[in-house]
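With chain C held as given, fit chain E onto it using these hints.
Protein chains: 2
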Amino acid sequence: MENTSMNGNMEEEEFEGIEERDPERNPMNEPLLKRNRTLSSNPLALVGAKVSYIESLDYEINENDLFKQDWRSRSRCQVLQYIFLKWLLAFLVGLLTGIIATLINLAVENISGYKLLAVVEYIQQERYLIGFLYFTSTNFILTFIASILCVCFAPTAAGPGIPEIKAYLNGVDTPNMYGANTLFVKIIGSIGAVSAGLDLGKEGPLVHIGSCIASLLGQGGPDNHKIKWKWLRYFNNDRDRRDLITCGASSGVCAAFRAPVGGVLFALEEVASWWRSALLWRTFCSTAVVVVVLRAFIELCHEGKCGLFGEGGLIMFDVSNVAVSYNVMDIIPVAIIGILGGVLGSLYNYLLHKILRVYNLINQKGKIYKLLLSLSVSIFTSACQYGLPFLVKCTPCESSSLQEQSSSCPTNGKSGNYKQFNCPNGHYNDLATLLLTTNDDAVRNIFSTNTPHEYQPYSILIFFTLYCILGLITFGIAVPSGLFLPIILIGSGYGRLLGIIMKPYTNIDHGLLAVLGAASLMAGSMRMTVSLCVIFLELTNNLLLLPITMIVLLVAKTVGDSFNPSIYEIILHLKGLPFMDADPELWMRNLSVGELIDVKPSVISFRGVEKVANIVEALKNTTHNGFPVMDDDVEFEIVKLHGVILRAHLIKVLKKKWFLKEKRRTEEWEVREKFSWVELAEREGNIEDVGVTKDEMEMFVDLHPLTNTTPFTVLESMSVAKAKILFRHVGLRHMLVVPKYQVTGVCPVIGILTRQDLLAYNILSVFPHLAKSKGREKRN
Amino acid sequence: MENTSMNGNMEEEEFEGIEERDPERNPMNEPLLKRNRTLSSNPLALVGAKVSYIESLDYEINENDLFKQDWRSRSRCQVLQYIFLKWLLAFLVGLLTGIIATLINLAVENISGYKLLAVVEYIQQERYLIGFLYFTSTNFILTFIASILCVCFAPTAAGPGIPEIKAYLNGVDTPNMYGANTLFVKIIGSIGAVSAGLDLGKEGPLVHIGSCIASLLGQGGPDNHKIKWKWLRYFNNDRDRRDLITCGASSGVCAAFRAPVGGVLFALEEVASWWRSALLWRTFCSTAVVVVVLRAFIELCHEGKCGLFGEGGLIMFDVSNVAVSYNVMDIIPVAIIGILGGVLGSLYNYLLHKILRVYNLINQKGKIYKLLLSLSVSIFTSACQYGLPFLVKCTPCESSSLQEQSSSCPTNGKSGNYKQFNCPNGHYNDLATLLLTTNDDAVRNIFSTNTPHEYQPYSILIFFTLYCILGLITFGIAVPSGLFLPIILIGSGYGRLLGIIMKPYTNIDHGLLAVLGAASLMAGSMRMTVSLCVIFLELTNNLLLLPITMIVLLVAKTVGDSFNPSIYEIILHLKGLPFMDADPELWMRNLSVGELIDVKPSVISFRGVEKVANIVEALKNTTHNGFPVMDDDVEFEIVKLHGVILRAHLIKVLKKKWFLKEKRRTEEWEVREKFSWVELAEREGNIEDVGVTKDEMEMFVDLHPLTNTTPFTVLESMSVAKAKILFRHVGLRHMLVVPKYQVTGVCPVIGILTRQDLLAYNILSVFPHLAKSKGREKRN
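Heads up: the sequence lines are chains C and E, in that order. The numbering of the first sequence is the UniProt record's numbering, which starts it at 1 and goes up by one. The numbering of the second sequence is the UniProt record's numbering, which starts it at 1 and goes up by one.
Just so you know, these hints were derived from the structure itself, not from any lab. Each statement offered as a hint is correct.
Which copy? The list can't say, so a pair holds if one copy fits it or any two copies do.
Pairs of lysine to any residue, SDA-like flavour, derived with a Cα cap of 20 Å:
id, residue 1, residue 2
1, Lys640, Val746
2, Lys68, Ser717
3, Lys68, Gly594
4, Lys68, Leu586
5, Lys50, Arg357
6, Lys640, Tyr741
Quick caveat, the model's predicted, so the values are computed rather than measured.
Isolated chain C (complex conformation) (with noise of 0.2 Å):
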C-alpha cells in the first residue's frame, strides 16, 4: 500500500491549492465499495465475487475465566490429544490435498486431451471448420458449466482466492469462503475452466481448495453435518484454524507445483502474515504428504492405467537435460530479461486492475450479465487459438541437425513438441505447438531445451501477444482462475522471443531464457523472492540455474517495486479487504493514538455486574465487537478495569438468559453449570434473534467469568506507528487506550481501537495533511 499512498500524494501536490481534497480521492485507487469517511468504516468487502460483511477473528488468546479454567483443567492426556490431532489434521490436509490436485489433473487431462485429439483428428481430414465448431463448442460447455456453478451456487469460488486466505491469515474474517459449497464449485469449476483452454491455471485455485480442506476437517464437516467429535472442539477458535489454513495453502501450492519446499515457502512468504518454527515445520509435513501423494499416482498412472494421464514425472517442466554454462558476461542479458520482467510486470498489475474495475462493473449488473462475459472471453480464446495457427507457415523437420527430436516430428498425441496441424507430412506448425494444447504443455514446450530452431519468431511474437490480452481479460471472470500459469506463459514467450534477438551476444539456451523469462515476469508482477526461487528451482530441476534466477528475480522486483504494488496488494486494496501490513508508515509516528480516539465515538463500556436492559441497547446501537468492563470500588470511589469482553459472548449471555435477580457477583460453579467453553467457542448469532422481555431487561448479568482480563493497552501517548507495530505482530483484535495520568473516578479506558482505525488508508481519510509530511518512505 505504501506506493498506493504515495501516487495519491503526489497527484495531490499537482493540486496544491484544494486544502480540503481527500488525498486518495482519484477513482483508480479507491475500493470498489464505497465507505462513508470516518474512521469507523463500513466494514464490507468482496469476497470472491461477493459483497460480504467483514470483521476480525480473535488471533489474541482470550483470558477469561472459562477458557483459563479449560486450561487448566486439560489433564495430560487431553494435551496429548490435541497435539496428536493437530498433526494427524496436517497430514489429513496434505493427503486429501494430494488426492484432490491429482484428481483434477486427471480430469482436465483426460478431457482436453480427448478434445484436442478429436480436433486433431478433423484437422487431418481437412474438415477445418467442423473441427473449429467441436472446439469452440466443447470449450463453450466447459465454460458454461464452471461460470454457472459459481455464479450461482458459490460466488466466493470465482477468482484465485489467494487475496482473501491471505487477508483471512491477516486477521480478517472472509465468510463463506471455506465451506463444502465452495470447495465443491472450485474443484469442478476448476477442472472445467481448465479443460475448456481458457488462460489461467489451477494454481491459485489449488491453494483455496486446500484450505477448504483444512478448514473443514477443522470443524468436522460441513457447517451443517459437522461431525461432534469431540477432540475436535480443541479446534474450534481462531488461532487453530489459522494454522490449519496455512497448511492447506501450502499443500495446495505444493499440489500445484509438485513443488514441497517452494510450497512452504510460499505460504510463508506471501499468504501468512506470522510465521512461527512451529508452523513451519508443521506445514513442511503436509507438503511432504503430498509429494508422496503425488508420487504414489504418477507411479500408478505410469502404464497408461490413467486415460491421457501420466506423462512426466515429479518435476514438471524439467530442463535438467540442459548443461548451463554462462560466463559473467551473460549478466548483461540476464540483467535485460530483469528489467523487462519487472516493467512488463508492473504495466500488467496497471492493467489489470483497469479491467478488474471494468469488469466490476459489469459484474454487479447481474448474475447474467458475470455469465455472459465468462462465455464471450470463452469463445474470444477459442477462436483464437484455433484460427491464429493458420497465419504463420509450416516448417520443415530438421531431419539433419537435431536427430533426437526429428525422429519423433511430429507428434499430434495430446502432449509433445511439433505438432502437424495443418502441415504437410514432415512438417509442423510451431504456432498450433504452442495454442492447441493444454497450458501445461504449452509450457513444457516453450521451456523446450535444446531446440533453438523450432519457433519462428513471428510465431513467438503472436504467441505472446494473444497471452498478454488473454491474460488481462480473462483473469476477472466468474470462475475459478489462478494467476500463475498465465504469467508463466507471458513470460515465456518474451523471453523465448528476447532469446532468438539476443543470439549473436550470448550462449544461454532458448528454454532456459524462457524459464528466466517467465521468472523475471511473476517477480515482477507477483513481487516474491525466495518462493519463487525455490519454486522454479523445484519446476526446473536444475540447480546450476539458481544463481542467474535470483539475479533475474531480485532485478525484476525492485524495477516493479518502483512502479507500483505487488497484483496481491492491489486485488486486496480492490475487494476492500483490510490487509494490515507489517511495516507501519513512517508518517504514523506523528500521530498519537489519543487523537486518533478524539475522532472516533466515544467508548461504550459495561460494569462488572450491568443491567441487561443497558446491553442489549449498547449491541443493538453499535456494531462494535468488543466492549470494555470496569468494576467500581464503591468505598474508594476508583474505576478498576476488568477487561474486554466481545459481543459474541454477550449474545451467548442473552440468548441462555443466564440473568441474576439482584445485582451481585456469581461463584465460579455458577457459570461453569450454564456454560462450556466449547459453546463460547461458537462464533454465531445475532442481536436481532435475541428475545428479552421486559421483566429481563431489568435484571443483571455477571460479566466478569466472561471477560477476557488480560487486553493489551496502550497509553493514549503512544504513536499510531508503535500501536500498529504491536497490533500486526501480536495479531490483536481490540487494543484498549489508557491515559497517562492518574485521576480518581475517571474511567480508565479512554478508547478502542480496532483493526479499521490502524489502516493508513483510513487514518489518512481524517487526517489528509499526515501524507503530506516529509520522509514518507518506510524505513525497511
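Okay, now just chain E, sitting in the frame of chain C:
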C-alpha cells in the same frame, strides 16, 4: 528450554516431600555461571570463551524529541541515501564474505593438500614412522597457531559463534563478538584448525565471519579506526545492525555450503528471531552475491591456477548422477534412518552437554590449560587418523564389476576415492580413503554413489566410532569450530553402515543412504527442518531425493524433540545467554505481571526536570538501564507518565554537563545545540567515568527531550504469558507495568520488566510451585 524445565520438574516429582527444593537444582541443568536467585539476575554470560557483562539491545524504536526531530528533518535525498547504503552494505557483505570464504578454502585445500601429499610420499617409501611424525607435528603446529590466537587475542573467536549470534539477534548484546580482532583470529584460526585435520568444520566460523564483516562494515571499520563517513551514521543503531548481521549470517551459511537459498532459510529459521519480508529479500541479495563470487573464483581456479584448490563446481557433494528409484516400501528403511538419527542426535546433544561442562572446568584453570587441551586433542586425532588405517585389510580394485571407477583406482592425489596407502598396487585401503584426507573429501568419498562394494563394514564401523569420539571431544576446545561437519561425518558413517546392513531389503544407493544418515543426524541434533532440507538439496543437487529427505528430517526431529532441546538451545543455556523463546510456557498464564513486580525491587523514577544528585545516585546504586520519567502537575495534583529514559542517555547528559541552574523546561533549540542524534545513538560511557562537582550536584537537568515518550505498557493484571508475547514479538527492552485503577496522585508506573524478568528459568526460581501446575506443554 521447555524440556529442560520439564526434566527439572520430573526429578522434582521424585522428591515430592521437599517443598522448598529449587526446581532446577540438578547441577547438570544449571548454566555454567552461578546466578543469584532473584528476579534481577546477574547479567553475566560466556561469549565465545570469555565471561562478559551482557545487556539488552534497543530494537524498539526510541521516540524521543531528538530522534523524532531527526526523522522529520531527513530530506528525501537522505532517505534515498539510507536505502541505497542499506543495499550497498548487503552487497558488500556478500562480496567480502564470498572472497574470504574462497581464501579460507584456498588456504585449507593447499595446506592440507601438500601435507597429505608428503605423507603419501613417505608411506609409499614405507617410511611409516617419519610419515607419522611429519603428519602429527604439522597438525600440532597448525592447531597450536589456531589455539594460541584464540586463547590470547580473541577468546570470543573460539567455538562456532552461532549461539552468540542467535542471542544477539534475539536482543542480547554480546560484547567483543564482532570486532576486527575476532574476525582476524576467526579467519586464521579456522584455516589452522581445519588444515590440522581436526574434526571440525568451517561452516559455523564462516557464519561468524559473515556477521563480523557485516558489523564492521556497518560501523565503518574496527572500533578504534572507524571511518567517519556521514552516510554511515544512519546505521548507528541496534535495529539496522541487527539486519546487517542477519545478512552476514546468511552469507556465511551460503559460502559454507554454496547454498544460497539454504543460507537465507538457515539464517531465518535458526539464527534470526524476527522475520520480515524486506529482510528476506535483502539477505537473498547478499547470498546471490556470494554465489556469484564463489562461481567466479571456481572458474578462475579451474585450470589449476590456485595450487591444489579447484576441484568440484558449485555443488559440493554432487550425487545427481545416481538414478533415484524408490518405491513405497522404501519408507521403512527411511523411517529407520530417521528414528536412529533422532536417537543418536539427542544422545549426541546429551553427551556433548556433559563434555562441555567438564571442558569448562578445565578451561577455567587458565590459558595454558586451554592450550594443552587443544593440543592433546590434536595429537589424539592425528594418531587415530594415521594409525587406524593400518588395522584394516587391503581391498583389491574391482576391475571387473565397476569399470569406470576401477580405471582410476587407486588415487593417491589429494582428493578422490580409493587410496592406495600401505597396500600393494591394484589394491586400496578403504579406511585411509576416509581418514587420511580433508574432512570435505571424506564426506565426498563416503557420499560417493554407485560404489556399494567400496567400503568394508568393519572400516565404516571404525570410521563411525572414531568420529563419534572426535566429534564429542573436539567441539569444546579453544579453536574456531563448526558443528555441521562433525555431525555430517558421523551421520554419513552410520547411514552407510545401515546401507550395508539393509542391503537385502532396499535398492537405495549406499551413497544416498549416507546422505540421508547425515541429514537425519543433523535434524536429530540441530532440529532444523526446511532450511536443512534446502541445504541438503543444494549440497547434493538431487531434487528427486527431496521427498525421502523430508520424511527423514521429520522423523528425526520428532524423535529428537522428545528427548532434549536442540544443541544450540543447550549451548545457549550453558553459556547463560538470556535467549527468549518465541512461545511462552503454559504455566505463565497463571501468573500476572503484578506478581512479578511484587518480587522485584521497587522502581526508581525521575521527575521531568530532575536534580543532578538524584540522577547520579540512581545510576551509581543500580544497574538499571531504563528509568521512567514522570511529570507532576502541581495544580491538579496529578502525576503524568512522560516516558522512559535510557541509562546511556543519562550518562551522556552528565558527561556533557548539560545542567540548568534553575528548575525549568528547556526549549527545543537548547537541546539541539548541545546534542545531536548521532551522538545520542552511541552506546558507550560508564557512570564511573563521570565527574560531577558538588555545585553541579545541586543543579537540574531537563530530561524531557531525551525521554522515549512511547514506551510499551501492560496492565498489572496482564498474564506473564501475554506480556512475554508482547515483549518478544515486538522486540522490547523495557516494558512498563501500569495500574489497572485510577487514583489521583499515585505514580502511574508500578514497575519495569526486562528480558531477565520474563525468562522461564528466572521466574521459576522465585515461583517454584508454578512448574508443578498441570499442562506444561506449549500450545504450538
